[in-house]
Amino acid sequence: MANILLIEPDTVLGRTYRQALEHAGHTVLVARGAQQAINAAEDLAPDLVVVELQLAGHNGIEFLHEFRSYGEWQSTSVIINTFIAPHLLADAEEALRRNFGVKAVLYKPRTSLQQLISAVDRHITAPDGQA
Amino acid sequence: MNQLTTTAIILNRTDYGEADRILTLLTPDYGKLTLLAKGVRRVKSKLAGGIELFSVSEITFIKGRGEVGTLVSTRLAKHYKHIVGDLDRTMLGYELIKKLHKATEDEPEEGYFDLLRQAFEALDDTSVDPRLVQLWFLMQLLRLGGYMPNLETDIEGKKLSADMTYTFSFDGSAFAQHPEGVFAANHIKFLRLGFGGHSALALAHVQGVGRLVQEVQGIVTTMTTSHIRS
Amino acid sequence: MQEDSATSLYRSQDAAVLLRSVAEQLRFPLASIARQAELAQLTGDMRLVDAASIRTHAQAALTLVDSYLLGLRLLQDQASLALEPVSVSSTLVDVAHELDAFAKQHDSRLRLHIAGRYEPVMANRAGLKSALLAIGYALLESYPLEGGRLTLAVHRTPRGIVTGLYGNYEQLTTEMWRKALDLQGRAAQPLSALSTGSAAGLFVAEAIMRAMESKLRVGKYLKQQGLATTLQPSQQLQFV
Chain A
0 MANILLIEPD TVLGRTYRQA LEHAGHTVLV ARGAQQAINA AEDLAPDLVV
50 VELQLAGHNG IEFLHEFRSY GEWQSTSVII NTFIAPHLLA DAEEALRRNF
100 GVKAVLYKPR TSLQQLISAV DRHITAPDGQ A
Chain B
0 MNQLTTTAII LNRTDYGEAD RILTLLTPDY GKLTLLAKGV RRVKSKLAGG
50 IELFSVSEIT FIKGRGEVGT LVSTRLAKHY KHIVGDLDRT MLGYELIKKL
100 HKATEDEPEE GYFDLLRQAF EALDDTSVDP RLVQLWFLMQ LLRLGGYMPN
150 LETDIEGKKL SADMTYTFSF DGSAFAQHPE GVFAANHIKF LRLGFGGHSA
200 LALAHVQGVG RLVQEVQGIV TTMTTSHIRS
Chain C
0 MQEDSATSLY RSQDAAVLLR SVAEQLRFPL ASIARQAELA QLTGDMRLVD
50 AASIRTHAQA ALTLVDSYLL GLRLLQDQAS LALEPVSVSS TLVDVAHELD
100 AFAKQHDSRL RLHIAGRYEP VMANRAGLKS ALLAIGYALL ESYPLEGGRL
150 TLAVHRTPRG IVTGLYGNYE QLTTEMWRKA LDLQGRAAQP LSALSTGSAA
200 GLFVAEAIMR AMESKLRVGK YLKQQGLATT LQPSQQLQFV
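Residue numbers (numbering that gives the first Met the number 0), protein chains in the order written: chain A, 0 to 130; chain B, 0 to 229; chain C, 0 to 239.
Partial list, derived from the structure: chain A residues whose beta carbon lies under 7 Å from chain C:
no.	residue
1	Pro8
2	Thr15
3	Lys107
4	Pro108
5	Ser111
6	Leu112
Read the hints as simulated data drawn from the structure, not as lab findings.
Predicted, not measured: the structure shown is a model, and the values here were computed from it.
Think of the CB as a built atom: it goes at the ideal place given N, C-alpha and C, for glycine as much as any other residue.
Work out the full structure: start from the sequences and follow the hints.
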């Protein structure tokens with residue numbers, strides 16, 4: 000049972016992901032954009048963040064840059080769940096892992112709800128900051 | 000108290016206490032500044048405006064007695080929207096900020112603020128290939144750091160010729176004549192433009208720029224690895 | 000009259016760019032449908048199957064494909080562009096009716112604003128409706144609207160009869176729209192302030208309007224910003 004911050008711009012997908020993760024026993028807060036997500040993180044104290052990179056306005060990387068600049072969130076696990084195709088993500092994936100401590104990169108069209116839940120369960124940050 | 004105003008690009012932010020943040024900014028008039036921004040955590044988050052990634056802001060601050068001043072106010076002057084609309088540009092922009100922050104750990108000379116601002120302008124221009132921006136940026140880092148290659152004479156002191164081909168000697172930071180050398184007049188001209196302080200946007204108009212970028216990349220990145228702190 | 004090769008190339012490039020845009024955008028409703036269907040299987044609770052949502056998303060995807068195919072045909076075959084007198088008001092009513100379910104799914108409301116009576120315009124009836132629908136679906140999914148109101152409006156200006164869709168899109172400027180047209184098919188988010196995807200619906204609408212020798216432009220109406228097109232009233236026919 001963990002607090003999950005889900006950053007998902009699509010209303011309906013956000014609802015579906017939330018219901019699936021809640022069914023798996025987690026508490027989920029959905030934010031549609033980067034600004035909302037930073038505010039939500041303060042309320043939720045997330046154990047894990049699932050973030051789409053393609054947001055409107057500020058993108059997922061701006062969110063991660065902001066998020067990681069706060070001491071208490073520097074080791075919070077982050078999973079990317081995105082519509083950006085793997086062949087376009089290519090080099091960026093390594094940079095995302097290196098610069099922002101991203102634990103997993105998932106491609107939405109090919110990631111089932113079960114796979115998302117498994118990835119979340121695998122990477123939840125323990126209270127001591129370890130995944 | 001004496002309030003000062005300047006433009007700034009943020010390089011880094013860290014927490015300080017319960018409600019404050021320490022910001023490292025690059026400015027044209029005061030070089031690198033470290034400023035305390037009081038009471039600005041989360042609810043008035045930077046993403047709302049003011050100080051953001053890939054932005055230039057107008058700031059007002061008070062110089063501290065020590066190294067840390069106090070930020071009084073900020074106003075967003077320009078946010079480079081097209082950088083954040085593209086993943087490759089975002090990742091590159093982020094890398095450039097990091098690189099410049101590292102390269103200017105000691106007190107930076109003049110020119111670094113303009114370098115970063117021009118890099119943002121070029122990255123924000125969707126007609127300019129990000130790889131050109133990256134190469135151009137590294138050339139400027141080398142130029143500002145005083146590590147330019149010799150683009151006038153070869154390793155033996157002879158004037159570079161339009162009719163010759165060359166290899167590049169990293170030991171001498173100069174070209175060496177070679178009958179099977181891969182570098183020729185067009186490469187040298189391109190490097191002269193890049194190291195001559197022309198903008199990335201100007202370089203983007205050079206004929207065959209895509210191939211030139213690929214072909215001189217090795218020279219520039221190897222020199223950067225050798226000379227620029229990372 | 001045969002097209003010259005430059006025009007023909009332009010049209011085929013247009014078609015390829017549009018296709019890429021549409022293909023990228025179709026992943027969104029299809030992923031939504033797939034995950035919603037999976038939710039019921041995952042939880043074993045058929046009550047979680049939101050049949051209405053699956054239906055509206057499937058319909059949105061089908062409409063995008065249909066609008067794209069229509070735009071493609073109009074771009075590639077000018078002879079298929081049959082202009083006729085079209086009532087903009089009744090077209091807007093039809094569009095609002097079709098968008099209603101989708102709007103509710105996205106926690107948004109539609110408002111129809113038809114001030115007065117308008118003479119018919121010369122347009123391709125299917126094209127005009129497709130274009131407005133495509134814009135509607137794209138804007139309803141967009142971030143800035145977020146539970147807000149999308150206004151479908153028609154009004155008269157000295158330039159002609161203007162019809163469009165408007166919402167709280169303060170960031171949408173002419174410059175941004177022009178840039179987006181340039182970036183379509185090249186950037187993952189050509190209109191990143193509004194859309195998290197390729198905004199294909201907007202470009203499909205633009206292609207349809209161009210085939211009708213009109214275009215989309217950024218417009219303001221009742222303090223809202225959006226995309227609109229100007230159509231010329233038919234000189235020959237008027238409603239009595």
